[in-house]
Amino acid sequence: AVVSTQSTGSAVICWWLVFFCPGDLFFKAYQKIIPLQFVIRVICEARHARLVMMACLEGHHYYPNHLTIIILCGLVDGCSGRLMMSLDRKIREECAAEGDGESELKQVSEVTKASLVLAVFYALIITGVAPISVNVGVLCGALFMVALLLNNILLGRHDPFMPIQNVFWKVACSKHQKID
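What the sequence shown shows, in this note's numbering, is residues 1 to 180, in sequence order.
By construction, these hints were calculated from the structure, which means they are not laboratory data.
Hints are supplied without guarantee of correctness; some may be wrong.
Listed next, with one range per pair, are the computed distances between beta-carbon atoms [what the hints assert, rightly or not]:
# : residue 1 : residue 2 : range
1 : P35       : Y62       : 39 to 47 Å
2 : P64       : S133      : 14 to 22 Å
3 : C173      : L17       : 47 to 55 Å
The calculated DSS-like cross-link candidates involving lysine-lysine, where the alpha carbons are at most 30 Å apart (straight line), are [stated by the list, open to error]:
# : residue 1 : residue 2
4 : K90       : K28
5 : K32       : K90
6 : K113      : K90
As the structure is a computational prediction, the values presented were derived from the model and not from experiment.
Where a beta carbon is used, it is the ideal one built from N, C-alpha and C, also for glycine.
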């Protein structure tokens with residue numbers, strides 16, 4: 001909910017620039033000015049970290065000290081768009097393009113993995129296992145998301161969770177050899 005006139009005014013200005021600017025001048029300027037793209041993406045990543053924390057706090061409010069519920073609340077809020085699109089398409093059984101988020105249930109995206117890491121971190125903070133304040137936790141989460149963004153920008157499209165995922169699958173799904 002928009003509370004102050006300043007935030008209402010900035011929301012209206014951003015809305016107008018994005019959707020109603022004549023000749024798509026804002027979009028063309030956004031594409032050409034790389035530092036502006038970077039600043040906006042950093043703000044989006046910091047906002048993403050804050051939203052995951054708010055969802056974890058809400059989960060803790062309704063289900064105190066239930067780590068699984070708190071983590072699921074943060075995870076679903078952190079990747080809700082992709083997850084809901086995948087579930088909707090599964091329910092409707094529609095064919096969709098692979099790049100449209102249809103494969104989120106088959107191949108988990110980097111955003112979902114990052115949301116899971118943030119949700120686990122925030123759940124540990126909220127339940128008191130990690131001795132960090134909520135504000136410092138949000139700052140650490142925002143820095144984590146910005147680090148992932150820099151990883152994508154500097155190294156190209158590279159999933160930093162892939163080595164951890166590979167080790168997990170080798171350990172969890174490996175065939176155990178019989179001992180003679």
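Open item on the list: Tell me the hint numbers this structure goes against, listed in increasing order.
Closed with: 4 and 5
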